[in-house]
Structures are given as structure tokens and as C-alpha cells.
Amino acid sequence: ADTSSIATSGQASADSDESTDTALTRELQEVNACLDALDEVVARAQGARVSQDVLDKALSMAEIAREHFDTFKRLLSSAEPEEKRRWLPAARETQMRMRACVEKISALEAQSAGAGVRGSAPNGAASLPSPLDSQFDALAGSLANIE
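The opening position of the sequence shown corresponds to residue 1 in UniProt numbering, with each subsequent residue numbered one higher.
Certain hints may be false.
[As the list claims (entries may be wrong)] Below are the DSSO-like pairs computed for lysine-lysine, each with C-alpha atoms no more than 27 Å apart in a straight line:
1. K104 / K73
2. K73 / K57
3. K57 / K104
4. K84 / K73
Keep in mind the hints are simulated off the structure, nothing from the lab. The model shown is predicted, which means the values in this text are computed figures rather than measured ones.
Use the sequences and the hints to build the structure in full.
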């Protein structure tokens with residue numbers, strides 16, 4: 001963190017700003033690492049039969065990313081206004097990646113349902129298992145606008 005602007009506030013403020021900045025960096029790195037891993041899973045699944053294990057793995061990665069993103073948002077909400085302004089572009093970019101993640105998981109689920117993987121309704125239509133529904137709800141809640 002830039003401590004020159006808060007030098008008059010004392011070293012404690014500089015230390016707390018720096019640790020918030022470090023925590024925000026760490027959480028955002030964790031989110032993006034999960035999203036990168038999810039992208040790899042999706043890329044490997046393209047054109048192939050998608051098993052329930054692949055769906056479960058994708059959902060697990062998305063859930064971990066969501067947890068880190070929620071922590072990031074909580075840290076950001078308690079940050080100083082100047083720090084918030086500095087982090088908003090990265091937060092919005094990550095938010096867009098999270099939305100794309102939800103779309104990719106939906107596409108994987110549709111792909112698995114089309115291939116007749118268990119979890120299909122008797123008429124052949126896709127039926128999302130309730131854990132998937134609740135995880136999508138949690139992801140959607142995580143993606144509320146950041147301001």
C-alpha cells in the first residue's frame with residue numbers, strides 16, 4: 001500500500017491498509033486460480049461425454065471460487081474509499097469471469113444431460129440436481145453488483 005498519503009495517521013494505519021491490500025490480493029488470486037482450473041476442466045470436456053464426476057469437480061471449483069470471492073467482497077466493503085476505487089476494476093473483471101463460469105457449468109450440465117448421463121428427467125429433459133440449483137443460487141448471490 002502507498003503509505004505516503006497516510007504517514008500522518010501513524011504506522012498502525014499503514015500496516016492495516018497494507019494487510020487489507022495483501023488480503024485482497026490473495027483472495028482475488030485464489031478466485032482466479034479456481035476459475036483457471038475450471039476453464040481447463042471445461043476445455044477437456046468439450047465434445048466429450050460429460051460424467052457426473054466432471055460436473056461435480058466443476059461445481060466444487062466454482063464453490064471454492066465463490067467462497068474466496070465472498071471473502072474478497074467482504075474485505076473490499078470494509079476498505080477505505082480510495083482503496084475501493086483502486087480495486088473495483090479488478091473486482092468487476094473477476095465478477096465477469098464468475099458469470100462466465102456459471103454459463104460454462106450450465107453448458108456442461110446441458111451437455112451431460114444430452115448425453116444421457118444420470119440426472120436426466122424421464123422425458124429426457126435435463127433436470128438439475130438440487131445441489132446444483134443451490135450452488136447456482138449461491139453463485140448468483142455472489143455476483144450481486146459490486147459498488
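Hints versus structure:
no.	hint	result
1	K104 / K73	holds (23 Å)
2	K73 / K57	holds (24 Å)
3	K57 / K104	holds (13 Å)
4	K84 / K73	holds (10 Å)
In the structure shown, no violation is registered for any of the earlier numbered hints.
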